[in-house]
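Using the sequences plus the hints, can you model the full thing?
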Amino acid sequence: MKNNNLARNGQHYKTIACMGAVLAFLFFVSPGSCANSNAGTSAAQFLKLGAGARAAAMAEAQSAVADDVYAAYYNPAGLALIEKPAMGAMHARYLQGSSYQYGALALPIGEGSRQVLGLSICNLGVSDLERRTQDTDLPIGYFEAANFAYSLSYARRATDRLSFGVTGKLVKVSIDNVAGQTLAADIGLRYRPAAGDGFPFNVALAARNLGTRLELGADKDPLPSAMVLGVSAHPLSDLLLDLDVIRYRDTDIIFAAGGEYRQKLSGKLLGLVRAGYSNHHKSVAGASGVTLGAGLSISGLAFDFAWVPFGDLGNTFRYSLLVQF
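Counting in our numbering, the sequence shown runs from 1355 upward without gaps.
Hints were generated in silico from the structure; no laboratory data involved. One should not assume that every hint holds.
To be verified - Derived Cβ-Cβ restraints for the label pairs, each shown as a range: (1) ILE1463 <-> GLY1394: 39 to 47 Å; (2) ALA1500 <-> LEU1623: 24 to 32 Å; (3) HIS1635 <-> HIS1445: 16 to 24 Å; (4) VAL1627 <-> LYS1574: 13 to 21 Å.
By construction, the Cβ of each residue, glycine as well, lies at the ideal position given by its N, Cα and C atoms.
As structure tokens, then:
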């Protein structure tokens, strides 16, 4: 029995060591804190906007946390933890009159629900953009821009501790009368080591937006691909903490950390408060980076709200609904 425990612990340590090696790669192989030479060269920037108000309130640190339909965005491996059919929808009033929507559906399949299929769609729309052909006081007309991503996900629990997932997506972008589309994929792993005498935690590794270039008119630019390493922990039964280290091809390293505290209000009604911080938009003047939010949950139904400030650019608010059948 002792030898079996040592063997299992050895496997756990190897997994953690591999993820640590990936983290080291993010730090030392990539440009780090220096200005990224790829800044401003990626198409389809809306693919960075996230999904769900819960995640937004926790600064998008979700790769080792998300275990509902919104995991399709952050780490498809998290979908494997869903045991009942579920659906979710989010609306966000974004900057400069734009609106962002995300919807997802998850369906467990197979014996023991160890496999899950997911469908999701996100859309960023902007209307009433001014058309100008020269420097004038009044525009000569208006046009619209629309961005869509249609995704199909598959996730599986390989063991009680390890799950993996993959997402394929069709990305479509149109600006006025110019349109383009491309294919992309996300892959992810999520692992829960044996807690031993300590508190439970998860580690995760994900790659997002791996795909071909998006051709839009005369431009042909790559997608904002990313590597993500995350860890989450339950130091207390009602407290969840999480940290993601994210590296997009066109940004410096992003650190995102968040927390969630839940409190039983009455019967099956739970109240949740959340907060987070990310340096993703550190270049934006004014207060930005801090995120706050709250939620209510009862019998498979949850409503969440998040406040995400963008400094001098203004505030954004997200509202999302999650239903488990």
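Hint check results:
1. ILE1463 <-> GLY1394: 39 to 47 Å: holds, 42 Å
2. ALA1500 <-> LEU1623: 24 to 32 Å: Given a distance of about 39 Å, which is not inside 24 to 32 Å, the answer is violated.
3. HIS1635 <-> HIS1445: 16 to 24 Å: holds, 21 Å
4. VAL1627 <-> LYS1574: 13 to 21 Å: Violated: the Cβ-Cβ distance is about 45 Å, outside 13 to 21 Å.
This entry does not satisfy hints 2, 4, going by the numbered hints stated previously.
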